[in-house]
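All chains should be modelled from the sequences, with the hints used to inform the complete structure.
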Amino acid sequence: MSLRRTPLSKQHIELGAKMVDFAGWEMPIQYSSIITEHNAVRKAAGIFDVSHMGQIFVRGPDAVKFLSYITTWNMERQKDGDCRYCHILNENGHIIDDTILYTINANEYLLVPNASKISEIRDWLLNNSNDFDVTIEDLSDTYFCLALQGPEAPRLLGQHLNTSVNSFQLKTLNEVIVSGTGYTGELGCEIIGPLDQIEFHWEALVDMGAIPIGLGARDTLRLEKGYLLSGQDFKGMETTLETNYAWVIDWDHEFIGREALISQKQTKYPKLSGILLEDRGVLRPGCSVYYNNNKISELTSGSLSPTLRKGIGLSYIDLAIGSKITIVVRGKHLNGRVVRTPFL
Amino acid sequence: MSEVPDNLSYTKDHEWMLIDDDGKVRVGITDYAQDALSDVVFMELPEIGSKFSEGDVMAVAESVKAASDIYAPVSGEIVEVNDKLEESPELINESPYEFGWMVVMISDNKLKNTLDSESYRKLID
Numbered sequence: 004m005s006l007r008r009t010p011l012s013k014q015h016i017e018l019g020a021k022m023v024d025f026a027g028w029e030m031p032i033q034y035s036s037i038i039t040e041h042n043a044v045r046k047a048a049g050i051f052d053v054s055h056m057g058q059i060f061v062r063g064p065d066a067v068k069f070l071s072y073i074t075t076w077n078m079e080r081q082k083d084g085d086c087r088y089c090h091i092l093n094e095n096g097h098i099i100d101d102t103i104l105y106t107i108n109a110n111e112y113l114l115v116p117n118a119s120k121i122s123e124i125r126d127w128l129l130n131n132s133n134d135f136d137v138t139i140e141d142l143s144d145t146y147f148c149l150a151l152q153g154p155e156a157p158r159l160l161g162q163h164l165n166t167s168v169n170s171f172q173l174k175t176l177n178e179v180i181v182s183g184t185g186y187t188g189e190l191g192c193e194i195i196g197p198l199d200q201i202e203f204h205w206e207a208l209v210d211m212g213a214i215p216i217g218l219g220a221r222d223t224l225r226l227e228k229g230y231l232l233s234g235q236d237f238k239g240m241e242t243t244l245e246t247n248y249a250w251v252i253d254w255d256h257e258f259i260g261r262e263a264l265i266s267q268k269q270t271k272y273p274k275l276s277g278i279l280l281e282d283r284g285v286l287r288p289g290c291s292v293y294y295n296n297n298k299i300s301e302l303t304s305g306s307l308s309p310t311l312r313k314g315i316g317l318s319y320i321d322l323a324i325g326s327k328i329t330i331v332v333r334g335k336h337l338n339g340r341v342v343r344t345p346f347l
Numbered sequence: 015m016s017e018v019p020d021n022l023s024y025t026k027d028h029e030w031m032l033i034d035d036d037g038k039v040r041v042g043i044t045d046y047a048q049d050a051l052s053d054v055v056f057m058e059l060p061e062i063g064s065k066f067s068e069g070d071v072m073a074v075a076e077s078v079k080a081a082s083d084i085y086a087p088v089s090g091e092i093v094e095v096n097d098k099l100e101e102s103p104e105l106i107n108e109s110p111y112e113f114g115w116m117v118v119m120i121s122d123n124k125l126k127n128t129l130d131s132e133s134y135r136k137l138i139d
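Chain order of the listed sequences is L and Z. Each residue of the first sequence is one higher than the one before, counting from 4 in the numbering used here. Each residue of the second sequence is one higher than the one before, counting from 15 in the numbering used here.
If you are wondering where the hints come from, they were derived from the structure by calculation, not from laboratory data. Predicted model, so just to flag it, every value in this text is computed and none were measured. Some hints could be false.
Calculated pairs, BS3-like style, for lysine-lysine (alpha carbon to alpha carbon, straight line, at most 30 Å) [said to hold, decoys possible]:
1. Z:K65 - L:K21
2. L:K335 - Z:K26
3. L:K174 - L:K68
4. Z:K98 - L:K313
5. L:K238 - L:K313
6. L:K335 - Z:K65
7. Z:K136 - L:K13
8. L:K335 - L:K298
9. Z:K98 - L:K46
10. Z:K26 - L:K21
Just so you have them, the derived chain L footprint on chain Z, three or more residues with Cβ under 8 Å [said to hold, decoys possible]:
11. 25–39
12. 88–102
From the three backbone atoms N, C-alpha and C, an ideal C-beta is built for every residue, glycine too.
Here it is in structure tokens:
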């Protein structure tokens, strides 16, 4: 099967991007270097083509009830123009995917599933919608998503579209949705709209000085902030409680997976925790974590924090913050400790 | 285009060697290799006095995305390591042929499987 391409493939390659397979898409992993791009987002503004992400619209009189049932959040609490991060669980409380849910208005919502989960989420929504008066439309193949992130992003957005957005709020402008969201922990926005407009937005923002950022820096940026990566930090068997994201749960409403989470709440279970390497080195997913000479887990994510210049990672463990551990990196035990996320 | 200085010898594994008058071999990785690795963020270097056979893993260069083995280009003993790489591994990217050198070896065999600059250029073309 050949890889899918975003309409910006030509631009990415002309900008010197190294292209890789990501969830069946040919995507830029880096243009110049991961560190340079990472720092550009932390200090100036970067632009990401994340058109591989999905766009599923849910509309109809029961949309709010349906989405409250499907997600960990009670959508009755959302107002027009709100964006909310939440999890979609199965009956066992296991995360199928995480998404931001956009309340365009009380009758129209947008979900943005991860690229590898689009069809699974679409089918999950369809299969659970029988008792609700909703229509579910998957427009992933005809919609783009660009993320403009960094301290300079609001200025560039103002220059480009003469608008601004607050954090976790959205605006619709002509055919595009501009939302104060992202995956980097910086100020900025995401622009979502029909594919034929992608080049207009990309080229204008790049011309204004937004630095193109690949998936490599996207990963280090999100990891420094402790954000979950679908398919890596959760891959079908982890609950919202285990990921340490209890804040995305509104317990006072019925939703798929609630019973399982309530039972789990009474028990002791490992939680996804931050690991900071004290010795020099780079952490990788899969590295073994040891406590008192016993292997207790493996890292789900691991990298080098370009900002801290230290190895950082995530692992499901049941240890207090500050606990001393060792992490096996290429056969050697390196010293580290359990820390709170975000790392910065 | 990657830089390939004419005064160096090369291996198929993208290491360069500079042979001193006294037979010592200074080793690093090529411009092509540093570009492929991208940002080197951590270097694990051998200790002075350790001995390697040609083709042994003698060092590891880690980028944000991956760890890459660096092979001993000749058999011999490590007599110098570039300590600056501990604090500043980015020297490998910034200056692969000068400040980013990795080790100096004393070789107990003649260089065999080495490429000259022209052959190495063809290899990476």
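Quick check: which numbered hints come out false for this structure?
1, 11, 12
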